[in-house]
Amino acid sequence: MMRVRGWRKTVYHTALWLVALIFFAPIAWIILGAFKTRSGILATPPLLIFTPTLDNFIDLFSRRNIPGYFLNSFVMSLSAMVIAIVVSFMAAYAFSRFKPRITNFLMFMLLSIRMVPAVAVVVPVYLMYAAIGWKNSYIGLILFYAMFSIPFSVWILKGFLDGVSQRYDETALVNGGTRWHVLFRVVLPQVAPGLVAAFIFNLIFVWNEFLFNLILGGRDTTMIPVAFSTDLYSDGGLNWTFIAAMATAYMIPPIILVYVFQKYLLVGMTFGTVRGEV
Amino acid sequence: MADIRLEGVRKVFGGKVFAVRDLTLTFPSGSVTCLLGPSGCGKTTLMRMIAGLEEPTSGEIYFDNERVTHLSPSQRHIGMVFQYPVVYRGISVEENIALPLTHDKRLSPAERRARIESVLETLDLAPYAKRDVSTLDNGTRQKVAVAREVARQPRIILFDEPITNVDVSSKMQLKRALKRLVKQHSQTIIYVTHDQTEAMTLADEIALMRDGMIVQRGVPSEIYDHPSDRFGGWFLGNPGMNFIDYRLDNGALVGGLFAQPLRLNQTTEAHILVGIRPERLRVQTTPAPNWVPARVRRSAIVAGGQHLLTLEIDAITVKAKVPESLRVEEGETVYVACDPDDLTLFDADGHRLQARILA
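Going down the list, the protein sequences come from chains F and H. Every letter in the first sequence is one number past the one before it in our numbering, and letter 82, counting from 1, is 104. Every letter in the second sequence is one number past the one before it in our numbering, and letter 275, counting from 1, is 277.
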């Protein structure tokens with residue numbers, strides 16, 4: 023019996039490793055490439071043993087516009103997320119507690135907004151932004167990303183808030199607290215995992231966003247994904263070491279976030295339903 | 003301390019479900035009143051209206067002479083303990099109790115400290131003071147929730163079935179702590195429960211509720227011994243009262259439980275329900291004059307080491323609680339008698355009759 027189980031486990035683990043390797047190979051290639059020379063990166067067969075160089079990173083960050091792209095990515099994704107989380111938390115609280123008559127319909131609408139392919143709304147959004155004059159503006163992009171992140175966050179947070187007994191709210195109200203006190207001092211700490219999950223999921227979405235940044239953004243508001251396409255060429259060809267170095271730098275923040283907050287991401291994916299509490 | 007006065011309070015949900023029907027009553031200042039009734043009788047709704055968590059459809063609520071009907075919960079200065087222990091996780095027992103106090107600017111730190119110490123003492127929480135509440139069991143968490151409300155010293159404290167969700171072993175302990183607490187403090191307390199033993203032990207007065215109305219109010223023994231309504235007799239006691247249908251024969255109760263006809267002083271009713279508590283029926287194994295024979299259909303052991311017998315007397319079935327020492331087998335014949343003073347008489351609609359049995 024034990025032996026059968028041990029044998030199955032080996033197969034299972036081998037399969038997992040295989041899948042992980044297949045998925046990880048391109049990432050390994052790009053990370054290794056970032057430390058190679060321009061001739062080394064295109065060598066066939068690929069060089070596995072080589073003398074690493076930091077020249078590519080030095081080149082990357084000494085270009086005038088690159089730090090700006092990184093800054094844009096950081097500022098826009100973080101501020102869009104802060105706005106989205108505050109709004110979603112309050113909206114989810116309202117849905118969870120006051121249960122407006124059309125809650126289910128509204129929640130369905132929210133989700134279906136998120137289901138619409140982004141390309142489908144490019145034209146109307148572009149025309150709106152052009153009319154308002156928000157093209158290539160921070161505020162415009164931040165609000166757009168916040169708007170795009172809210173539906174998903176409301177869904178996650180409503181699941182978490184439904185798991186927090188209303189008796190908490192009522193006790194705090196009876197104890198002399200105001201509704202704001204209830205929201206931010208009593209309920210918020212209890213759904214912290216949900217907030218973190220919603221925050222990270224959407225942050226990664228904005229971090230990776232390309233289409234709207236290309237269409238609605240401009241020279242001042244370019245983020246890293248768009249920068250890849252615009253700063254790709256140099257010396258008449260694809261600059262592979264540049265791409266590799268920027269991709270590596272670009273990957274680091276999400277990797278750190280996911281690593282630090284992985285347990286919240288798991289509860290976030292289950293919409294908070296695993297918290298079978300009061 | 004404050005008395006709570008309800009005037010014609012009504013709550014209707016969705017236009018047709020009457021949770022509370024036009025209640026007018028006063029909960030006296032400094033007393034413990036238990037609202038007792040089966041699930042769905044409106045007791046929790048009534049409580050939530052007093053707390054301000056639910057607004058009455060009509061009617062007014064007063065604390066002393068202050069009208070509070072439309073005030074928010076926080077403006078009413080009351081305490082409330084819910085069925086589920088509400089505690090703030092991640093902080094210690096002490097911090098949980100201190101939390102609402104820190105917002106009260108009138109309290110000096112010394113006084114705050116003194117209140118916390120005192121309530122920790124009363125509820126046996128001192129050993130847990132520094133523990134994180136998430137590490138405690140539900141019973142202790144509920145104590146913390148109670149302690150937090152008591153420490154605030156509100157004029158009124160509402161308890162909404164605080165013991166229901168606590169496991170059996172902590173139940174007794176929590177009950178004892180609550181009893182000590184209500185003795186020490188003179189706050190006006192309303193305690194909602196569907197557990198009659200809880201109500202009997204804690205209450206100065208019980209208000210028996212059914213279908214959104216108060217059926218009877220009184221001290222526990224009065225409600226138990228003299229239910230004003232068939233419902234009270236049935237709901238209280240475990241099991242509830244026996245009810246036996248009698249057709250009056252020349253103004254007397256004849257047959258069944260009674261070896262001799264029992265004459266009543268008022269004879270306007272044609273039908274009478276005779277109520278008797280199972281523990282008031284006297285049962286013995288040897289025949290005696292004026293004792294009627296009965297066949298034991300079932301015998302079961304109940305809490306307290308007593309036996310619960312299901313007896314058949316002619317066509318009547320009654321339940322009797324007897325001491326364990328009375329050894330009887332199913333199918334055996336026993337002899338039954340009752341004291342006329344232990345009988346409660348109801349009319350056909352289940353309302354208590356003033357009629358007395360003539361000696």
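Just so you know, these hints were derived from the structure itself, not from any lab. Incorrect hints may have been included.
[Said to hold, decoys possible] Short, incomplete list of chain F residues facing chain H, as computed with Cβ under 8 Å:
1. PHE120
2. PRO122
3. ARG123
4. ASN126
5. ASP184
6. SER187
7. LEU195
8. GLY198
9. THR200
Beta carbons: idealized from backbone N, C-alpha and C, even for Gly.
Taking the hints in turn, this is what the structure says about them:
1. PHE120: Because about 13 Å separates PHE120/F from the closest Cβ in chain H, which is outside the 8 Å limit, the hint is violated.
2. PRO122: violated, 15 Å
3. ARG123: Nearest chain H Cβ about 12 Å off; hint violated.
4. ASN126: violated, 18 Å
5. ASP184: violated, 15 Å
6. SER187: holds, 6 Å
7. LEU195: holds, 4 Å
8. GLY198: holds, 4 Å
9. THR200: Nearest chain H Cβ about 7 Å off; hint holds.
Violated hints for the displayed structure, listed by number in ascending order: 1, 2, 3, 4 and 5.
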